[in-house]
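Turn these sequences into a full structure, and let the hints steer you where they fit.
Chains as they are written, first to last, in my numbering: chain A, 1 to 353; chain B, 1 to 179.
In short, the hints are calculated from the structure, not lab data.
Remember, it's a predicted structure, so these values are computed and weren't measured experimentally.
The C-beta atom is built at its ideal place from N, Cα and C for all residues, glycine as well.
Each hint should be verified, as a subset may be incorrect.
[To be verified] Chain A is nowhere near these chain B residues, computed Cβ spacing over 12 angstroms in every case:
1) 10
2) 12
3) 37
4) 45
5) 66
6) 79
7) 105
8) 107
9) 162
10) 167
11) 171
[Stated by the list, open to error] From the structure, some residues in chain B lie toward chain A, with a derived Cβ separation under 10 angstroms:
12) 23
13) 27
14) 32
15) 34
16) 36
17) 38
18) 59
19) 64
20) 65
21) 154
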Amino acid sequence: MNKVLMSGNFIICEAAIRAGCRFYGGYPITPQNELTEYMAEHMRKAEGGIFIQSESEIAAINMIAGASAAGLRAMTSSSSPGISLKQEGISSMAACELPGVVVNIMRGGPGLGNIRPSQGDYFQATRGGGHGDYRTIVLAPATCQELADLTMAAFDLADKYRNPVMILADGMMGQMMEPVTFKKPKPRIYNKKFMLQGAGTGKSKFIHGLILDPIDMEEHNWKLARKYEVISKKEPRHEEYNINNAKMIIVAYGTAARIAKGAIKRLQNNGMNIGLFRPVTLWPFPEQQLRSLSAKVKNYLVFEMSTGQMLEDVRLALQGYADIRFHGRPGGAVPTPAELANVIARVYERTVK
Amino acid sequence: MIVKTIFSGFGGQGVLMMGVSLAHSGMNKGFHVTYLPAYGAEMRGGTANCTVAIADEEIASPVASEPNFLVAMNSPSLFTFQNKVIVEGTIFLNSSITNDRPHRHDVKVFCIPCSDIAQDLGNIRVANIIMMGAFIKVTGIVTSEIYLNSLESIMGSRKKSLAEINRKAFAAGFDYLKN
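Rendered as structure tokens:
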């Protein structure tokens with residue numbers, strides 16, 4: 001298998017097309033413009049591929065809902081403010097149990113914010129974002145290789161659970177280049193009975209989210225909740241680094257996790273034993289996996305490029321079993337590993353010793 | 001081993017190209033590499049910079065706290081980044097358009113008049129490749145052959161004429177620095 005050097009945004013597209021994505025609808029916004037650019041050029045070369053630059057973000061999400069209902073693997077992408085616009089559509093897809101992949105290349109917020117890398121959309125992504133009792137699976141890649149692997153996995157998970165899946169990365173992941181190897185995608189498993197491709201002489205089928213009878217709607221909600229429970233049990237993924245003998249553990253995801261790893265490596269030379277716990281799925285959050293670490297390690301530092309959002313999930317997971325500190329750089333500021341190492345060292349001196 | 005380099009200059013000087021070509025060369029030699037451009041609402045004549053990390057192990061952070069090398073293609077780049085360079089690091093300076101010199105005495109400085117050499121070669125746009133010639137000679141991260149082959153593979157076959165001028169430019173930069 002050949003290694004190629006590609007930027008994160010391009011990698012997501014290439015992986016999606018290889019995974020069989022045949023519909024992409026998107027609207028430009030920095031820092032994910034290269035995604036739309038790549039799809040514009042390459043989707044038409046894929047057999048049966050359809051690319052539409054939509055008139056708005058809202059149109060794009062509704063187009064992928066339609067394509068998905070018709071049986072295509074479909075994807076849309078945007079950056080923070082654009083993702084806010086898509087929320088109604090995502091909620092609707094969750095209600096209709098339509099698979100689909102939504103890519104959020106986060107930028108500084110709130111509001112229009114700026115175009116620098118940030119992690120301020122954690123709540124929006126993991127709590128559903130739109131209205132109603134629903135969840136989206138959220139994948140947070142930290143390397144370009146993972147961008148490729150998780151994009152392919154996103155389509156499989158979306159089909160498996162008939163639910164929208166979000167890839168949550170940031171401007172840095174989207175813009176940076178790293179060597180990547182595209183693995184062979186798994187064959188698609190998706191029952192034809194969920195596709196609307198014309199009834200022919202058979203019985204007509206409906207996919208709809210408007211259920212006016214409250215008892216029926218309650219039943220639908222419980223059905224979805226049971227599905228989310230299965231996902232919570234079976235799908236959490238995480239990575240551990242340098243956990244053995246660690247006196248303190250940094251919890252970080254995506255870009256922040258890479259900066260944290262750089263900081264940890266620097267501090268190793270000073271004799272500080274620090275580990276890294278990196279959630280790969282943000283929802284479902286690897287709660288049990290983190291909690292089991294608290295039997296051995298009692299000091300945790302959450303680092304995010306936000307004012308503290310994943311922090312809440314870490315608190316829920318550790319439930320008072322451990323001491324939890326926080327360091328954040330919101331609004332598009334990206335600290336260097338040296339800067340973070342200073343923060344970690346101070347907390348380490350204060351809490352561990 | 002991990003080596004980090006910041007390339008910086010005006011937009012249009014081929015600063016990002018320098019980074020991409022070095023990252024490609026590093027990958028082709030079998031190293032782990034990351035390339036991180038500073039993106040923004042930039043334009044020709046604005047500022048551009050990128051960070052390339054090359055290592056023989058997994059690269060944790062693509063952000064450089066203390067780069068080993070700084071390639072400054074203009075004065076603002078020198079002022080922005082000179083204090084980040086690691087002690088005993090190296091600064092490469094496009095001395096054609098930069099009258100300022102680094103105020104640090106703990107780093108090595110190589111002044112290469114790339115814009116002048118490029119003009120002598122008849123194409124101002126190869127100033128970046130001239131700088132890369134000098135950069136590869138001093139740092140020895142990859143061989144000239146690997147670098148030039150990588151460069152050609154990025155440029156693609158549609159620009160055959162460019163390959164020749166690039167090779168000339170690279171050699172000019174390489175030979176400008178005496179051993």
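Comparing the hints with the structure gives:
With a minimum CB-CB distance of about 19 angstroms to chain A, residue 10/B clears the 12 angstroms threshold, and the non-interface call stands. Every CB of chain A lies more than 12 angstroms from the CB of residue 12/B, the least distance being 19 angstroms, so the non-interface label holds. Distance check on residue 37/B: its Cβ comes as close as 6 angstroms (rounded) to a Cβ of chain A, failing to clear the 12 angstroms threshold; non-interface status is violated. Every C-beta of chain A lies more than 12 angstroms from that of residue 45/B, the closest at about 19 angstroms, which supports listing it as non-interface.
Chain A draws residue 66/B into its interface by the beta-carbon criterion, the shortest separation being 7 angstroms against a cut-off of 12 angstroms. Once the 12 angstroms rule is applied to beta carbons, residue 79/B is consistent with being away from chain A; the minimum gap is 18 angstroms. For residue 105/B, the shortest C-beta to C-beta distance to chain A comes to about 22 angstroms, beyond the 12 angstroms cut-off, and the non-interface label holds. Once the 12 angstroms rule is applied to beta carbons, residue 107/B is consistent with being away from chain A; the minimum gap is 17 angstroms.
With a closest Cβ-Cβ approach of about 19 angstroms to chain A, residue 162/B is found to remain outside the 12 angstroms limit, as its non-interface label requires. Listed as a non-interface residue, residue 167/B keeps its Cβ farther than 12 angstroms from every Cβ of chain A; the least gap is roughly 21 angstroms. Consistency note on residue 171/B: stated as away from chain A, and its beta-carbon is indeed over 12 angstroms from all of that chain's, at 25 angstroms minimum. Restraint check, residue 23/B versus chain A: the minimum CB separation of about 6 angstroms is within 10 angstroms; hint holds.
Satisfaction of the interface hint for residue 27/B is found here, the shortest Cβ-Cβ separation to chain A being roughly 5 angstroms, below the 10 angstroms cut-off. Taken as an interface hint, residue 32/B checks out: its beta carbon lies about 8 angstroms from the nearest beta carbon of chain A, inside 10 angstroms. Satisfaction of the interface hint for residue 34/B is found here, the shortest Cβ-Cβ separation to chain A being roughly 5 angstroms, below the 10 angstroms cut-off. The restraint placing residue 36/B at the interface with chain A holds, with a minimum CB-CB distance near 5 angstroms, inside the 10 angstroms limit.
The restraint placing residue 38/B at the interface with chain A holds, with a minimum CB-CB distance near 9 angstroms, inside the 10 angstroms limit. This hint holds: residue 59/B has a C-beta 8 angstroms from the nearest C-beta of chain A, less than the 10 angstroms allowed. Contact between residue 64/B and chain A, as hinted, is supported at the beta carbon level, the nearest pair being about 7 angstroms apart and thus within 10 angstroms. Hint status for residue 65/B relative to chain A: holds, with the closest Cβ pair at about 3 angstroms, below 10 angstroms.
Because the beta carbon of residue 154/B sits about 9 angstroms from the nearest beta carbon in chain A, less than 10 angstroms, this interface hint is met.
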